[in-house]
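Enquirer: Given the coordinates of chain A, assemble chain B onto it according to the supplied hints.
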Amino acid sequence: ETGVTQTPRHLVMGMTNKKSLKCEQHLGHNAMYWYKQSAKKPLELMFVYNFKEQTENNSVPSRFSPECPNSSHLFLHLHTLQPEDSALYLCASSPDRGSGEQYFGPGTRLTVT
Amino acid sequence: QKEVEQNSGPLSVPEGAIASLNCTYSDRVSQSFFWYRQYSGKSPELIMSIYSNGDKEDGRFTAQLNKASQYVSLLIRDSQPSDSATYLCAVFSGGYQKVTFGIGTKLQVIP
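As they're listed, the protein sequences go chains A and B.
In this note's numbering, each residue carries its 1-based index in the first sequence increased by 6.
In this note's numbering, each residue carries its 1-based index in the second sequence increased by 1152.
Looking at chain A on its own, in the form it has when it is part of the complex:
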């Protein structure tokens, strides 16, 4: 186990649904990240939080809404998604924003129907 947990592990949702992904890290890190991983593409950074403050929004559509209530928890709220949003969503943490060493959770496999 990496110390980063994610729920749910699998999610199937319709285009009109609203759902949330949850991430929790038990490593005492201060930075947390959301990534999207699609087949045959590099990992795409979506959002970065450092000490609970959002420091980066990588041109992500507004149908994805992050929330970081504290340094240990991170959410990704989903609404009116498109089929092309189907992917593996990975949460990661690092000691701080200035560290390149990232520790990933197991991911949520999302399918939008």
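Rather than coming from a laboratory, the hints here were simulated on the basis of the structure.
There may be inaccurate statements among the hints.
As the list claims (entries may be wrong) - A few chain B residues facing chain A, derived, Cβ under 10 Å:
hint, residue
1, N1159
2, G1193
3, V1243
4, K1250
Claimed, not checked - Calculated cross-link-like contacts (lysine-lysine; reagent style PhoX-like; alpha-carbon spacing at most 25 Å):
hint, chain 1, residue 1, chain 2, residue 2
5, B, K1219, B, K1194
6, B, K1258, A, K46
7, A, K42, B, K1250
8, A, K47, B, K1258
9, A, K58, B, K1258
Note that beta-carbon positions come from the ideal geometry of N, C-alpha and C, so glycine has one too.
Expert: Just chain B now, with coordinates in the frame of chain A:
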């Protein structure tokens, strides 16, 4: 656009051989370099970090960095079938405070 380039493979090597995985990057001010291993259906796992030119060894794994040529490599000695996975190269730029990942190289170790 700062890029990290890898051959997606698959790279097939026989068991016991040396697997050589390569990565090039475009941002000259990149500071830190990482290799992640991702088994099929799993998330990436950090296996090596390298920060200065030269070699860094950890067990059967050796990371090599050449900043002048802007490439990073990972050597796996005595390859085992359990090493079969996709290996992601990642580069951290202090200026952008961001890690950029390559597409990954799929390694297949044939028994």
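Enquirer: Next step is simple, just say for each hint if it's right about the structure.
Expert: The hints, checked one at a time:
no.	hint	result
1	N1159	violated (13 Å)
2	G1193	holds (9 Å)
3	V1243	holds (8 Å)
4	K1250	holds (7 Å)
5	B/K1219 to B/K1194	violated (31 Å)
6	B/K1258 to A/K46	holds (11 Å)
7	A/K42 to B/K1250	holds (15 Å)
8	A/K47 to B/K1258	holds (13 Å)
9	A/K58 to B/K1258	violated (35 Å)
Of the numbered hints stated above, those contradicted by the structure are hints 1, 5, 9, listed in ascending order.
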